[in-house]
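Model the full assembly from the supplied sequences, consistent with the hints where possible.
Residue numbers (my numbering), protein chains in the order written: chain D, -5 to 637; chain E, 611 to 732.
Derived by calculation from the structure, the hints in this document are not laboratory data. By construction, the Cβ of each residue, glycine as well, lies at the ideal position given by its N, Cα and C atoms. Just to be clear, a hint being listed does not mean it is correct.
Simulated coverage check for chain E against chain D, where a stretch passes if three residues somewhere in it have a Cβ under 8 Å from a Cβ of chain D [said to hold, decoys possible]:
id	region
1	615 to 621
2	629 to 640
3	700 to 708
4	711 to 720
5	723 to 731
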Amino acid sequence: MIFSLTALLLLAQSANTFVAEQNRGDAELLNHIANLRVIIQHVARLSNALIYDGREDEKSAVAESLKISLDFFEGTLGLLSERKIFEAESSRLNLIPFQLLPIRIDPQFLNRKIFERQLDEVRIKEGVSELKSDWKNWKPMFERVAARDTELTADDIEIAVSELDDRSNMLAETISSISNEKIDRGQKVNLVILLFCVFLTVLFYISIRKIILEPIENLRSTAEAFSKGDTAVRAETKLTDEIGALAITYNKMMETVLERLKIDKERLAEIAEKNQELEKASKLKSQFLANMSHELRTPMNSIIGYSEVLLDGLDGDLSDEQRDDVDAILRSAEHLLKLINEILDLSKIEAGHMKVDIGEHKLAPIIDEIMTIINPQIKKKGLSAVVKTDDALIIRADRDRIKQIIMNLVSNAVKFTDHGSVSVTVSRRNEFAVVEVRDTGIGIPKEEIEKIFEEFHQADGKSTRKYGGTGLGLTIARRFSELMGGRIEAESEDGKGSIFRVFITMTTEKKFDFKTAPQILIVEDDPDTLALYNRHLESAGINMIQANSIADALNELESSYRAGALPKALIADLQLPDGDGRELIKTLKKDSRFSSIEIGVISIEDKDIALEELGVKYQVVKPVNRTELIKFARNLLGVKKND
Amino acid sequence: MTKRILVIEDHPENAKLVEKILTKSGYEFILKEDAISGLEALKIEKIDLLLLDISLPGMDGIAAAKKIRGELLLKELPIIALTAHAMDEDRRRALDAGCNDYMTKPFRPHELISTIKRYLDE
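Written out as structure tokens, the structure reads:
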């Protein structure tokens, strides 16, 4: 198709060239004819001059001139008849483009048909030979004039000149009319070629549409439908060309995609099923752990319980040897119990079931509580203790877990130190509160430092026997601190003591809201009792704050005094982790800042006259139920209830 | 008058231990091995305090405590939960169900007695 179009355009170009060449040839002919006509006029003038009015002395020169003109005429006439255009092959239409066309036409025929070349040549040849024969007739007469044979009259010359001139003129007219015809025909040919080109272009578009555009559109709409989820759709594969092959490949690709999708779907189903199984297994595992813990603890209860029954003398007094034996049973049982608890903790952490109850807590009271418990051991070993806390520091952590972590580090420090001191220091580092536990004990060899955090690993294999312990404490401590967004690091040198640092997320701003002044401060160390009191009081619309030790209570009162929101009343337990509640009451009574606070006591001890003397108006013996507690609180606050 | 303590506990060894501790301390010990018979005992006998194991076969201690406070209307009866789960959620569940207190197994004999005393002795 493209070839055909190119061939046609080349043909049009060739026809134009041909016509232009022909025109140039014709113009040359016309030029020669014009020359002939000029020569004839010259010949006539010279002849007349010789016959009539020329001066005798000049006539020989004129006759010479006439002879030259006659020769010139004959030469020009010769040029005219020798013209190349009469040789048919010299100027042909270039027909090479025709070889490219799918149609077979005899090029010569086309040449003749289109330009009627031969016919034109014949017409021009005839004209030229007529002119030649006229010249033959008249040439002898002009030769006689030139030879000064004066028998001729002017009329004779007149006739000869006009006949030659007419003949030349006719020839010129023939040539120019042929030339015009040729231009017309050339234009017609070009028009035909042009129309043919337009036709071919239209055909070209139609066929491109048919063989390329439509199949591509079909492919596109198939792809669109497929991508929208129509899995049954397929591309048309009627064509056998490249696009047809593309459509077949495309269909194959869709099949493959569908197969893959099917496989993926099956896999996903398999994975979902596996996941469910795993989830079930994980649930079973944690259930198993909970059950195990219960099952293991139940017999422990008997072992420890009966040991204690014996030690408490409920079955009668024991001999010293018997007492030592039962002590050994009890210690082993307690060790085993601790191990069970820690393994349970660790399993829960590893299964991701360990929940930490993050809240805001003051750090100082936690350390005070730990030191209260650990101080007897420190004294027993003859060590000195250094404690430096930061009262304003509030951590964001699980209070029980933090206590467990620090307790673990401090009791380790005491355990592994025979001489010197154990110190607990609190500092701030960026967003962390850092509790540093330092001892002067046996230390840890450098290469062992990271290993001590691994399960069941103690720095020295022998140390388990000498120092006891489960080998899980540090592992759990580290895991807990990580669960709460912190970490533990250790620093030590063999024989020179160890330093452990716990990093705990810290609350940067003090966020206590004193807008509504708390009405009662409850001092009680048992978190569940506190929670119960809080619920009861809240239900009666009484607003409370809490403290879990004497030190904590004093801190709380200090800060609420500074904030100008001192509670109206205080309910204290007498048995507190850092001392007797009476000490707290005495301290408060001595401090004039706190004189406005009404003090009540809820404890397991009987009413104490000494407390009444201290100014405690109300005392209640534990346990108190909701009604009692609310009545008690209202009495303290001086509120009368109307129902 | 001797205080009567009902113990609902399915584990015989533990029950025997509790019996020993209670009787040596001068309390009357009544044992039921499951919650249903425990509830029956509460309906017909005069009981001063209940020691309630939380992990029981069939109806567990949590459900039993709710029934005692709800259906039996024994709102003043001190109930001490005995739980081997040293987990906060179990303690809270016990308290929410109406128990006055709880003890985590294994407990010390003197701890058990001092806790009971808080609720029984004037």
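Each hint, compared with the structure:
| no. | hint | verdict |
| --- | --- | --- |
| 1 | 615 to 621 | violated (count 1) |
| 2 | 629 to 640 | holds (count 3) |
| 3 | 700 to 708 | holds (count 3) |
| 4 | 711 to 720 | holds (count 8) |
| 5 | 723 to 731 | holds (count 4) |
Hint compliance for this structure: hint 1 alone is broken.
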